[in-house]
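Residue numbers (the working numbering), protein chains in the order written: chain A, 1 to 158; chain B, 159 to 445; chain C, 446 to 1193.
By construction, these hints were calculated from the structure, which means they are not laboratory data. Please read these numbers as outputs of a predicted model, since none were measured by experiment. Note that beta-carbon positions come from the ideal geometry of N, C-alpha and C, so glycine has one too. Mixed in with the good hints there might be a few duds.
The calculated DSS-like cross-link candidates involving lysine-lysine, where the alpha carbons are at most 30 Å apart (straight line), are [unchecked claim]: (1) C:564 x B:195; (2) C:564 x C:1004; (3) B:415 x C:588; (4) A:118 x C:474; (5) B:195 x C:718; (6) A:146 x C:474; (7) B:435 x B:361; (8) C:456 x A:146; (9) C:846 x B:195; (10) C:474 x B:195; (11) C:544 x B:415; (12) C:721 x C:452; (13) C:544 x B:208; (14) B:361 x A:2; (15) B:195 x C:560; (16) B:163 x A:2; (17) A:146 x C:869; (18) B:415 x C:564; (19) B:208 x A:118; (20) B:415 x A:2; (21) A:118 x A:146; (22) C:560 x A:2; (23) C:564 x B:163; (24) C:564 x B:311; (25) B:195 x C:721; (26) C:747 x C:638; (27) A:2 x C:721.
Some chain C residues close to chain B (C-beta under 8 Å, calculated; not the full set) [what the hints assert, rightly or not]: (28) 1113; (29) 1118; (30) 1126; (31) 1181.
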Amino acid sequence: MKTNHIQTTINGDVTEFLCNADESLLDVLRDRLGMTGAKEGCGTGDCGACSVTLNGRLVCSCLVLGVETEGAEIQTIEGMANGDNLHTLQRVFLEEAALQCGICTPGILIAAKSLLEKNPNPTDTEVRYWLAGNLCRCTGYDKIIKAVQTAAAEMRGA
Amino acid sequence: MRYVKPDSFENAAQLLFDSTGITRILAGGTDVLVQMKAEMVEPDLLIDLKHLSGMREITHENGGFRIGAAVSGAELGEHAGVNALWPGVVEGMELIGSTQVQGRATMVGNLCNGSPAADSVPAMVTAGAIARIHGPDGARDIPVYEVPTGPGKTSLARGEFITSIYLPARPENASDAYLRFIPRTEMDIAVSSAAVSLELDSKGICTEAKVAIGAVAPTVRLVDDASAALIGTSLDDDAITKLVAAVEAACSPIDDKRGTIAFRTKTAGVLAKRAAKIAYARAGGTS
Amino acid sequence: MALDTPKRDFKIVGTRVPRPDGIDKVTGKAAYGADITATGMLHGRILRSPHAHARIISIDTSAAEAAEGVKAIVTSADFATPDDAGIRDIRDNCLALDKVLYDGHAIAAVAATSKSAAKAAIRLIRVEYEILPHVTDVDAAMKPDAPIVQSGRAFESVPAGMSQNVHSHVEFGHGDLDAGFANADKIIERTFKTAATHQGYIEPQACMANLGADGRGELWCCTQGQYMVRENCAAILGIEASQLRVTSSEIGGGFGGKTTTFIEPVALALSRKSGKPVKIVMTREEVFRATGPTVSTSMDVKIGMKNDGRITAARAELRYQGGAFPNHTVEFGAQAAFAAYDLAAVQTLGWGVMTNRPKEVAYRAPGAPTAIYAVESVVDELCQQLNLDPLDVRLLNAARKGTLSAYGPTFNEIGLVATLEAAKNHPHYTAPLGENQGRGLSCGFWFNFGGNTCVSLNLNSDGTVGVVEGNPDIGGSRASISMMAAEELGIPYDKVRTVIADTTSLGFNDVTDGSRVTFAVGLATIEAARAAKNEMCARVAKLWGIDTDAVQWEDGSVKPAGPNAGEHAPMSIADIAAIADETGGPIAGHHEVNADGAGVSFGVHLVDTEVDPETGATTVLRYTVFQDAGKAVHPDYVEGQMQGGAVQGIGWALNEEYIYGDDGLLQNASLLDYRVPVASDLPNIETVILEIPNPGHPYGVRGVGETPIVPPLAAISNAVSRAAGIRLTELPMSPPRILHAITQRRDG
């Protein structure tokens, strides 16, 4: 299988990698680049644990090929905090116990951030539908929805 | 597997035509990558066309819209013009998968995947949408309705692929709607579905009607008897009863893990009734 | 241990402090099962049965061995023979012995230099099968002429003449049933069926194994119990426990499903054979086909009631299939079925059955949700028919302190009545309902476990404290353990750091199950802290040159016990840490216990649903959970357990199910078609925590994690049945099933 050389920008850093044509962006992030914040819960786009943004669009990195990302801008959970300063969503998720096991948390944070960039003042229903592709099996979603709303309110005020 | 980004439609058609192994076109990838993961298909050649001219554009054309084959559901949903003209088509597309899937999935991919349950297809069919096909002999246009020929199958010939969908212009007092049934509120494949497109006269009488149903037959099915039940009416109870009966009669679904024959048939009628009322209200009808 | 009235006055326990592992988990740094790599690592992959039931005639691995990048192939021949029958079953589930017993049963495994090489090699293994007849339904499997899954596995309790698939029989109860039913004004008897469900943890099983030819091994894996993994793997690989060190990764959900081993022995065997570290990560499809779902059931429940709501007699017969191996789940179900009731005459019978399905594994209160679903459905129907308030009827019959429970023990302090009263007084119970809407409620119960527990607590030289415990933290237990240590020592929460030991760093601990961790590890932590306090008192007494009796612990300091002890300034923990080396060396406390007295837990769930009469679709409109936590150490995470359990139960009630075809193959091995609830399916889940102290814990703590999955099945079914105007008796209540019931009602 021919190996491809790809150059992208990940969390603002120009990043080069080699990958086979059938490798997903998730495989590239985890296996080639050591960025294990995006998780594989299904590999088929049904759980959202591998969520990243690709050129500003929320996607499942398991449904993107590494070879497709030439020249793309990718944002992952590893780039969400600014150094030691957590993003508001990250901090509020901790303060409001919006995670239990934490495996879905990176994907949910990336998805929630994407929502609030598009819609800073969503209704609960809008949050729930936006996050419908992010499965969480621990929390029953209640505290996640509330934390997104708390963070949204704080970010609107900030 | 080889991954190729051809520099023109002509070269893409040639590549496709010459390919001896399993070939797939990569649009949003939300079906192909899933099938690869499940080891259902292992392409020898994957052709990516997203970068070619017009593939990611929505353009105004003769009062309608031409939608590039690589336009994602999210991009379509953000387009005010298409939303205003064909809201049922947009809502069908937007029902596919999660927000994440919407960031990648395309109408053309949904169409060419050939699933009888494809959410974007019924409303394209009732809209009279036209698919533009490129192939070794150049371009040709065919109705979207003629693209799927059975589960996983299309009428495209060797070397052919779809580059855009044209949604035509429509008169005033006209609209459409699409509904599907799924067990959850999101993330499921349609168990049954219905699209309805209506044109009304100034008195709210239906002058044109198209009804299509999904997931209840090997392909999306246009139900002429259902159209006939609505034309000349203002969707009174009698017309609706006839619509439901016509839809149920047109169903030939299967029993499977997602639904039973009886359930699919019954809900297809219910969805057609509800979609017709939504389309009627959107078209300005008051009943 | 001497247990007085539990402590009720707290400074730290009961607050909502940040969890110590939180920042790693919101930044993507936390290392879960699949997140580590090793130098020279190989990738393992497992070949699985495409048949429901077949004899393995031969396995030819020669072509796979010759394939590019392949370094080792293992089959069951590479495993040892454990003494323990239960571990032998686990072994035979990890790699099939001579028969494949279900679709997805592992047969052989490959280790290769890349994922793609391992995947390619798997296809080169040639297995010759003799296909055997199969059975996947519990009632079918109990028929005398059913295909036999395994022979000779029945316990003595099973009467002669039954199918060999029936492996166990249990009976519980007391009183005169005949007299009780004769005395009833109304008797309802119904049969229920429930589908198997899956825990649905988002993290598939994953491990990294490194085992040398000398028998020394290291294993990293996501598990609910590293010691359990060590015991299983050591026995299956034929090595000594001391030679295998197991470290638990962060765990991405378990809910009981990670209380056994599937891939770990396989990875170790591949590593031993290849001489290299081997990583195995299950795909989601493998998780569904070949880890442990729940039982599926068929159940009969008969209850007699007086016109005033008093239950006169109750009987349940439970038939649970738990896959291709024996299991004990039906015993839990039979014990739990009527636990919420004070009954003069009660009997539960249970039958454990084998089928050609994957080996059942625990899922949150294993066995209880289904049995209680059947019982609470019949109670609700009696209330409807006798025109009685369902909460009043439950209060009238409620188990309380002194009740002889249906499964034998007499209850001590329990919170059922308080929980029912809280539900009755909540505005939800009297809120108006609209058309096609119905309100349902159900009681729930779980025993809660204690079990084997070790904790070490170390005083550091700067006065901070390290706690070492041995139970993987699934949902915030490091926070609650640190809180209890800080509370007991009288120091700030952030001065305590709790870590989870690997298997060589601390004595044996039972798995994280049975809602035992906050109770048992908390209890051991408090006792370890008390031991450390005693030692600190002794050190200070030594420093001051007085008897240990002459000092006392107060507000996080050691002080003279009275005027006769002399004038001494109190010494804080930091002060004492500074004098440790001059008074005898390092200061630590530890506690080892097989903890008893876990204290049962009751909950009540209230739910409003709306059913679309044209499609059978159910919308959950409002949901409130009431539960006795004994003492909520960290209320956020107690609420989280209540909410998460409720939502898993909602999924079980409405959509989740294992669907097998006539061919015995699983049809929905994906998160697309195995439908766990998504965010847009749900309302907020309101919670009301009650705190009726558990006399068995120093702070009154009861386990809280499992009870919340028990009530939703019946609560939703009761709500849907009332909304739809017809009694539903089968789970899940998927839309086709509800629409069918509504259609039948209309057609008379």
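Violating hint indices (sorted, rising): 2, 9, 12, 13, 14, 20
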